[in-house]
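Residue numbers (the numbering used here), protein chains in the order written: chain A, 1 to 117; chain B, 1001 to 1114.
Just so you know, these hints were derived from the structure itself, not from any lab. All figures in this text were calculated on a predicted structure; none of them were measured in a lab. Even glycine gets a Cβ: it sits at the ideal position worked out from N, Cα and C. One should not assume that every hint holds.
DSS-like mimics (lysine-lysine), calculated; alpha carbons at most 27 Å apart, straight line [unchecked claim]:
hint, chain 1, residue 1, chain 2, residue 2
1, A, Lys109, A, Lys42
2, B, Lys1009, A, Lys42
3, A, Lys109, A, Lys68
4, A, Lys42, B, Lys1014
5, B, Lys1083, A, Lys109
6, A, Lys112, B, Lys1009
7, A, Lys42, B, Lys1070
8, B, Lys1071, B, Lys1057
9, B, Lys1071, B, Lys1009
10, B, Lys1057, B, Lys1083
11, B, Lys1009, A, Lys109
12, B, Lys1057, A, Lys109
13, A, Lys109, A, Lys49
14, A, Lys49, B, Lys1071
15, B, Lys1083, A, Lys42
16, A, Lys116, A, Lys42
17, A, Lys42, B, Lys1071
18, A, Lys112, A, Lys42
19, B, Lys1057, A, Lys42
Quick look at which bits of chain B chain A covers, simulated, 3 or more residues with Cβ under 8 Å [to be verified]:
hint, stretch
20, 1041-1047
21, 1105-1111
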Amino acid sequence: AQSVTQLDSHVSVSEGTPVLLRCNYSSSYSPSLFWYVQHPNKGLQLLLKYTSAATLVKGINGFEAEFKKSETSFHLTKPSAHMSDAAEYFCVVSDLDYGGSQGNLIFGKGTKLSVKP
Amino acid sequence: DGGITQSPKYLFRKEGQNVTLSCEQNLNHDAMYWYRQDPGQGLRLIYYSQIVNDFQKGDIAEGYSVSREKKESFPLTVTSAQKNPTAFYLCASSISQSSGNTIYFGEGSWLTVV
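With the hints as extra help, turn the sequences into a complete structure.
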């Protein structure tokens, strides 16, 4: 079955330190992968997207993610956390070969990022 | 500016009432979606539509209904049959349902049963 697993429900870092939000997936040979950010009481905003081009994807606000097919991972990173990065982050897989009731978008459960001053 | 507009932002419903959440997009997207988000949980798909006058049930369609009479509009009705409707509702759209198409979200609507 298709799935997305965000390995941490909550991550806490200090301002200025690196951020790592982990995502593993199971999917077909060539899925598309996304990271979204959600601030409180807001919609989801696209951070970055992978669609079988370069495996290292750069997004907005200094975030980037690396697609590792051998590890079926798409972890989100940022070298230096800022207070404004505190939010919830969702990993999403889009898989044309998956015809379940979700259409073909599979959402992770989310990781809440806290940033300490 | 192009985008997805949801209204109202906050809505209160009495027991036994039907309420309708509006979603309008001017992105010329074919596909539209409704998700429900409960505190501390991910998104669950209620309904989606790939084209005008056609829609499919998602994982949690019971107690909800939708229509897609126009490309730009995809309203969601929360009926009295939905026993636990208090949640944050997100509307979204994409160019199509095919793999690789980015999905864009509205700002969401809070529904509370009083």
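Outcome of the hint check:
no., hint, result
1, A:Lys109 x A:Lys42, "holds, 17 Å"
2, B:Lys1009 x A:Lys42, "holds, 10 Å"
3, A:Lys109 x A:Lys68, "holds, 20 Å"
4, A:Lys42 x B:Lys1014, "holds, 24 Å"
5, B:Lys1083 x A:Lys109, "holds, 23 Å"
6, A:Lys112 x B:Lys1009, "holds, 23 Å"
7, A:Lys42 x B:Lys1070, "holds, 25 Å"
8, B:Lys1071 x B:Lys1057, "holds, 18 Å"
9, B:Lys1071 x B:Lys1009, "holds, 22 Å"
10, B:Lys1057 x B:Lys1083, "holds, 18 Å"
11, B:Lys1009 x A:Lys109, "holds, 23 Å"
12, B:Lys1057 x A:Lys109, "holds, 21 Å"
13, A:Lys109 x A:Lys49, "holds, 18 Å"
14, A:Lys49 x B:Lys1071, "holds, 25 Å"
15, B:Lys1083 x A:Lys42, "holds, 25 Å"
16, A:Lys116 x A:Lys42, "holds, 22 Å"
17, A:Lys42 x B:Lys1071, "holds, 24 Å"
18, A:Lys112 x A:Lys42, "holds, 14 Å"
19, B:Lys1057 x A:Lys42, "holds, 24 Å"
20, 1041-1047, "holds (count 4)"
21, 1105-1111, "holds (count 5)"
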